[in-house]
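Asks: Next come the chains, spelled out residue by residue.
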Amino acid sequence: MNEELATGTTAGPGLHPHPAAPSAARTGKRRSAKPFAGSRLLRMAPPLAAFVLFVGGWELVCRLAGIKPYLLPKPSDIVRAASENASNLWVSVYTTITEAVLGFLLSIVLGVAFAIALASSKLVERSVYPYAIVMQTIPIVAVAPIIVIWFGAGINAIVMIAFLIGFFPMLSNTLIGLNSTEHNMKNLFYLYNASPLQTMFRLRIPAALPYVVAGLKISCTLAVIGAIVGEYIAGIGGGKGGLGYAITVSAARLQTAYLFACGLSASLLGIAFYLLVNAFSKWMLSSWHESEMNSSEG
Amino acid sequence: MAATAEAIEWVRMERLSKVYPNGTVAVQDVNLTIREGEFLCFVGPSGCGKSTIFKMITGLSGPTGGTLEVMGTSPKQARKQSDTAFVFQDHTLLPWSSVLDNVSLPLALRGVPRKERKAEAERALELVGLKDYAKAMPRQLSGGMKMRASIARALVSKPKLLLMDEPFGALDEITRQTLQLELLDIWRQDPKMTVLFVTHNVFEAVFLSTRVAVMTPRPGKVAALVDVPVPFPRDESFRTTPEFGRIVRSVSEALKH
Chain A
1 MNEELATGTT AGPGLHPHPA APSAARTGKR RSAKPFAGSR LLRMAPPLAA FVLFVGGWEL
61 VCRLAGIKPY LLPKPSDIVR AASENASNLW VSVYTTITEA VLGFLLSIVL GVAFAIALAS
121 SKLVERSVYP YAIVMQTIPI VAVAPIIVIW FGAGINAIVM IAFLIGFFPM LSNTLIGLNS
181 TEHNMKNLFY LYNASPLQTM FRLRIPAALP YVVAGLKISC TLAVIGAIVG EYIAGIGGGK
241 GGLGYAITVS AARLQTAYLF ACGLSASLLG IAFYLLVNAF SKWMLSSWHE SEMNSSEG
Chain B
1 MAATAEAIEW VRMERLSKVY PNGTVAVQDV NLTIREGEFL CFVGPSGCGK STIFKMITGL
61 SGPTGGTLEV MGTSPKQARK QSDTAFVFQD HTLLPWSSVL DNVSLPLALR GVPRKERKAE
121 AERALELVGL KDYAKAMPRQ LSGGMKMRAS IARALVSKPK LLLMDEPFGA LDEITRQTLQ
181 LELLDIWRQD PKMTVLFVTH NVFEAVFLST RVAVMTPRPG KVAALVDVPV PFPRDESFRT
241 TPEFGRIVRS VSEALKH
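Chains A and B are the protein sequences, given in the same order. Numbering follows full-length UniProt numbering, in which position 162 of the first sequence is assigned residue number 162; successive positions increment by one, without gaps. Numbering follows full-length UniProt numbering, in which position 11 of the second sequence is assigned residue number 11; successive positions increment by one, without gaps.
Just so you know, these hints were derived from the structure itself, not from any lab. Nothing here was measured: the structure is a model prediction, and the numbers come from that model. Just so you know, not all the hints are guaranteed correct.
[Stated by the list, open to error] With a straight-line cut-off of 27 angstroms between C-alpha atoms, the simulated DSS-like cross-links for lysine-lysine are: (1) Lys135(B) x Lys282(A); (2) Lys186(A) x Lys135(B); (3) Lys55(B) x Lys186(A); (4) Lys158(B) x Lys186(A); (5) Lys76(B) x Lys122(A); (6) Lys76(B) x Lys160(B); (7) Lys256(B) x Lys186(A); (8) Lys186(A) x Lys76(B); (9) Lys118(B) x Lys186(A); (10) Lys160(B) x Lys80(B); (11) Lys158(B) x Lys122(A); (12) Lys80(B) x Lys186(A); (13) Lys122(A) x Lys160(B).
[Unchecked claim] With the Cβ distance kept under 8 angstroms, some of the chain B side facing chain A (calculated, not the full set): (14) Thr58; (15) Gly62; (16) Arg79; (17) Lys80; (18) Ser82; (19) Asp83; (20) Phe86; (21) Thr92; (22) Trp96; (23) Pro113; (24) Arg123; (25) Leu127; (26) Met137.
Note that beta-carbon positions come from the ideal geometry of N, C-alpha and C, so glycine has one too.
Required output: the full structure, derived from the provided sequences and hints.
Replies: Now the structure itself:
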């Protein structure tokens with residue numbers, strides 16, 4: 001992992017700039033990433049083997065001990081339940097994705113916008129932020145029924161719940177980021193007569209990006225949780241229920257295998273969301289921020 | 001050599017004082033006039049008020065007594081006319097912007113069109129020997145090159161007054177000496193450019209300047225003004241001349257008061 005850093009910092013001796021050096025620094029990343037490609041496969045092998053052993057053991061124990069499928073279904077039962085109800089499962093997953101994405105996008109837009117508004121004025125921040133913190137501590141499940149009363153059962157209420165659960169991490173992370181701009185940099189902008197708007201968009205927001213990304217990583221998984229919790233409370237069936245709704249229904253009917261399939265889909269959804277945000281953060285920060293450099297080492 | 005008696009006064013301090021709210025007297029009764037084309041170094045130990053004077057000249061903090069004029073007006077007004085530029089000990093480059101974008105930042109903040117900005121930034125990068133690094137990111141540069149980029153950013157607006165606060169303080173001795181020579185070259189290309197340079201290094205102060213303001217702490221005041229009547233261009237050999245040693249000694253003497 002030090003290889004890339006080394007090519008970066010020794011790009012030139014600092015005395016006589018050499019024209020070849022910057023291109024070497026730029027390609028340094030790709031060059032050092034190659035040797036790791038083979039070892040990455042090797043590193044993947046142990047967890048893969050563990051996975052195969054675990055699933056195989058599970059299947060075997062269930063078969064040998066004759067455990068009833070409604071208590072603990074075999075992995076093969078889960079796969080069969082998923083494939084038999086593939087179209088239903090897909091509709092549920094699709095619905096949950098829609099709700100979670102809408103809620104997540106809302107929490108990004110409003111979270112960042114509110115943070116910028118709060119960071120623009122100390123007075124506003126001092127008067128509003130304490131309440132934002134108090135609101136953050138209210139358990140979302142406790143207010144969910146109110147949201148259902150206001151927005152009616154269905155996608156509106158579910159999106160609201162997914163939004164609310166992801167909103168505060170976005171708000172507080174972005175706000176911390178906007179307020180932690182380096183003092184020297186702020187002086188520089190002040191001395192060059194930058195307007196508050198210029199300082200915000202050219203300095204404070206870019207400097208806050210690593211914090212925004214940290215907020216995204218928290219909020220994206222929370223949005224999936226929020227959507228599923230929302231479906232528990234406000235989900236409507238009619239062939240268009242999301243994963244949360246499918247989970248409540250299959251639990252009530254003791255369709256344990258399908259319940260497992262829904263639960264697994266929900267976790268896969270959360271992981272997929274997280275990986276997407278992670279990739280986005282790498283793409284955005286890799287050129288300059290420590291947290292996303294040398295990321296092949298993960 | 002550049003400063004003559006009739007030259008325009010760029011900075012004028014009369015009984016300039018700064019007392020902090022907690023009662024600390026940072027600067028007391030400083031009288032000093034800096035003329036066009038001078039290279040003046042403030043030298044002194046930490047806590048002698050040299051950075052406080054620097055901050056007052058930039059307008060980051062106001063004096064509590066006496067008068068301070070920069071280019072015949074208040075420090076803030078002088079800054080608004082954008083004839084002043086700044087270099088700090090920390091390079092303060094934006095890590096997410098390329099070297100070119102960093103260097104053109106002062107122009108971008110002033111709303112200069114992109115094309116013009118780029119041309120000016122390339123000129124400034126050429127001056128500091130970084131023109132091949134325009135597209136590089138700051139983290140790919142060494143410490144010395146980052147400081148060069150930082151100096152290029154100050155030069156991009158063709159300032160009349162260049163204010164430098166311990167710019168080479170964090171660099172190794174070899175890089176520091178190279179940059180000193182380069183800075184003198186850049187300064188000499190523009191006979192009207194005035195440089196105010198804060199340092200705690202006596203050798204650096206004597207090597208660079210036409211005049212050294214020696215500062216002593218508690219309370220911060222100018223203990224002596226030492227002329228360095230050595231013609232330019234100065235090169236490495238100047239550092240080993242008897243005259244250099246003599247001036248360094250007199251500055252060191254003044255520091256002991």
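Asks: Confirm or reject each hint.
Replies: Right, here's what the structure says about each hint:
1. Lys135(B) x Lys282(A): holds, 20 angstroms
2. Lys186(A) x Lys135(B): The hint holds at about 24 angstroms.
3. Lys55(B) x Lys186(A): Answer holds: Lys55(B) to Lys186(A) is near 14 angstroms, not above 27 angstroms.
4. Lys158(B) x Lys186(A): holds, 22 angstroms
5. Lys76(B) x Lys122(A): Satisfied, since the Cα-Cα distance of roughly 24 angstroms is no more than 27 angstroms.
6. Lys76(B) x Lys160(B): holds, 15 angstroms
7. Lys256(B) x Lys186(A): Cα-Cα ~36 angstroms, so violated.
8. Lys186(A) x Lys76(B): Holds, at roughly 16 angstroms.
9. Lys118(B) x Lys186(A): holds, 23 angstroms
10. Lys160(B) x Lys80(B): holds, 13 angstroms
11. Lys158(B) x Lys122(A): violated, 36 angstroms
12. Lys80(B) x Lys186(A): Holds, because 17 angstroms separates the two Cα atoms, which is no more than 27 angstroms.
13. Lys122(A) x Lys160(B): violated, 36 angstroms
14. Thr58: holds, 6 angstroms
15. Gly62: violated, 14 angstroms
16. Arg79: Interface hint status for Arg79(B): holds (6 angstroms vs cutoff 8 angstroms).
17. Lys80: holds, 6 angstroms
18. Ser82: With a closest approach of 7 angstroms, the Ser82(B) hint holds.
19. Asp83: Constraint on Asp83(B) not satisfied, violated at 12 angstroms.
20. Phe86: Result: holds, 5 angstroms to nearest chain A Cβ.
21. Thr92: holds, 5 angstroms
22. Trp96: Holds: closest Cβ of chain A sits about 5 angstroms from Trp96(B), inside 8 angstroms.
23. Pro113: At 16 angstroms from the nearest chain A Cβ, Pro113(B) fails the 8 angstroms test, so the hint is violated.
24. Arg123: At about 16 angstroms, which exceeds the 8 angstroms cut-off, the nearest Cβ of chain A leaves the hint on Arg123(B) violated.
25. Leu127: violated, 13 angstroms
26. Met137: holds, 6 angstroms
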